[in-house]
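Student: Could you put together the complete structure from these sequences and hints?
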Amino acid sequence: MVREEVIGSTQTLEWKCVESRVDSKLHYYGHFILFPLRKGQADTVGIAFRRALLGEIEGTCITRAKFWNVPHEYSTIVGIEESIQEILLNLKEIVLRSNLYGVRDASICVKGLRYITAQDIILPPFIEIVDTTQPIANLREPIDFCIELQIKRDRGYHTELGKNSQDGSYPIDVVSMPVQNVNYSIFFLWKWK
Numbered sequence: 739m740v741r742e743e744v745i746g747s748t749q750t751l752e753w754k755c756v757e758s759r760v761d762s763k764l765h766y767y768g769h770f771i772l773f774p775l776r777k778g779q780a781d782t783v784g785i786a787f788r789r790a791l792l793g794e795i796e797g798t799c800i801t802r803a804k805f806w807n808v809p810h811e812y813s814t815i816v817g818i819e820e821s822i823q824e825i826l827l828n829l830k831e832i833v834l835r836s837n838l839y840g841v842r843d844a845s846i847c848v849k850g851l852r853y854i855t856a857q858d859i860i861l862p863p864f865i866e867i868v869d870t871t872q873p874i875a876n877l878r879e880p881i882d883f884c885i886e887l888q889i890k891r892d893r894g895y896h897t898e899l900g901k902n903s904q905d906g907s908y909p910i911d912v913v914s915m916p917v918q919n920v921n922y923s924i925f926f927l928w929k930w931k
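Under this note's numbering, the first residue of the sequence shown carries the number 739, and numbering increases by one thereafter.
Please keep in mind that the hints were generated in silico from the structure rather than gathered at the bench.
Incorrect hints may have been included.
Straight-line distance between alpha carbons at most 20 Å, and here's what the computed EDC-like set of lysine to aspartate or glutamate pairs gives [to be verified]: (1) Lys830 <-> Asp843; (2) Lys763 <-> Asp869; (3) Lys830 <-> Glu796; (4) Lys804 <-> Asp781; (5) Lys830 <-> Glu819.
FRET-style restraints, in silico, Cβ to Cβ [unchecked claim]: (6) Trp806 <-> Leu751: 54 to 64 Å; (7) Tyr839 <-> Asn876: 30 to 40 Å; (8) Pro880 <-> Ile795: 38 to 48 Å; (9) Gln749 <-> Gly840: 44 to 54 Å; (10) Val868 <-> Lys777: 33 to 43 Å; (11) Asn807 <-> Asp843: 45 to 55 Å; (12) Thr871 <-> Leu792: 21 to 31 Å; (13) Phe770 <-> Gly817: 48 to 58 Å.
From the three backbone atoms N, C-alpha and C, an ideal C-beta is built for every residue, glycine too.
Tutor: Here is the structure:
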């Protein structure tokens with residue numbers, strides 16, 4: 739059996755951001771490099787970073803919505819263009835930012851002919867909406883429209899299928915992942931500059 743002598747590296751690791759841009763209010767892009775690494779280390783570090791960024795960073799999301807006088811989530815409400823299911827999907831897309839721990843309540847209560855957006859959500863002061871123009875529903879008749887919301891900070895993806903309650907409260911599949919995509923590449927370089 740041949741043993742390799744392990745030699746400690748005298749070079750300091752460098753971490754650099756080589757590109758950073760804002761693609762939209764909801765999408766940011768960053769390109770980073772880490773060097774020098776020994777053979778075999780790059781995969782280990784790349785996999786660990788990818789797992790940590792995709793699975794361990796917490797996000798704040800709307801997890802439940804309660805409507806009044808709605809028999810099921812595929813119902814429609816007179817005066818509203820969207821079905822309850824479409825409104826739930828729109829609520830799922832709203833991006834929130836906070837240092838929230840536990841579950842908090844929020845609400846939407848509007849009246850009249852109007853387009854409902856994320857800015858109409860009444861939130862606790864420590865929760866912020868990233869893009870207030872995100873659509874929720876379109877009121878086509880002068881009606882009163884109220885939704886009670888639950889907000890939670892969590893990580894990963896959670897679904898509550900089969901937990902619909904009889905009181906008009908519907909779970910929203912939660913995607914609490916602020917980082918949506920991570921890729922890494924390994925390049926073999928012979929000399930560092």
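Student: Please go over all the hints and tell whether each is borne out by the structure.
Tutor: Quick rundown of the hints versus the structure:
Taking the CA atoms of Lys830 and Asp843, the gap is about 15 Å. The hint holds against a cut of 20 Å. Proposed proximity of Lys763 and Asp869 is supported: the alpha carbons are some 6 Å apart, at most 20 Å. Of the pairs offered as hints, the one joining Lys830 and Glu796 holds, with about 16 Å between alpha carbons and a cut-off of 20 Å not exceeded. Distance check on the hinted pair: Lys804 and Asp781 sit about 46 Å apart at the alpha-carbon level, beyond 20 Å; violated.
The suggested pairing of Lys830 with Glu819 holds, with an alpha-carbon distance near 18 Å, which does not exceed 20 Å. For Trp806 and Leu751, the Cβ-Cβ distance of about 57 Å falls inside the hinted range of 54 to 64 Å, so the restraint holds. Taken as a hint, the range 30 to 40 Å holds for the pair Tyr839 and Asn876, whose Cβ atoms sit roughly 34 Å apart. Checking the proposed 38 to 48 Å range against Pro880 and Ile795 shows it holds: the Cβ atoms sit about 43 Å from each other.
Between Gln749 and Gly840 the CB atoms are about 45 Å apart, so this pair conforms to the stated range of 44 to 54 Å. Checked against the given bound of 33 to 43 Å, the beta carbons of Val868 and Lys777, roughly 41 Å apart, stay inside it. Restraint check, Asn807 to Asp843: a C-beta distance of roughly 20 Å breaks the suggested window 45 to 55 Å. With their beta carbons about 27 Å apart, Thr871 and Leu792 fall inside the hinted range of 21 to 31 Å.
Phe770 and Gly817 have their C-beta atoms about 50 Å apart, which keeps the hinted 48 to 58 Å range intact.
Going through the hint list in order, the structure does not satisfy hints 4, 11.
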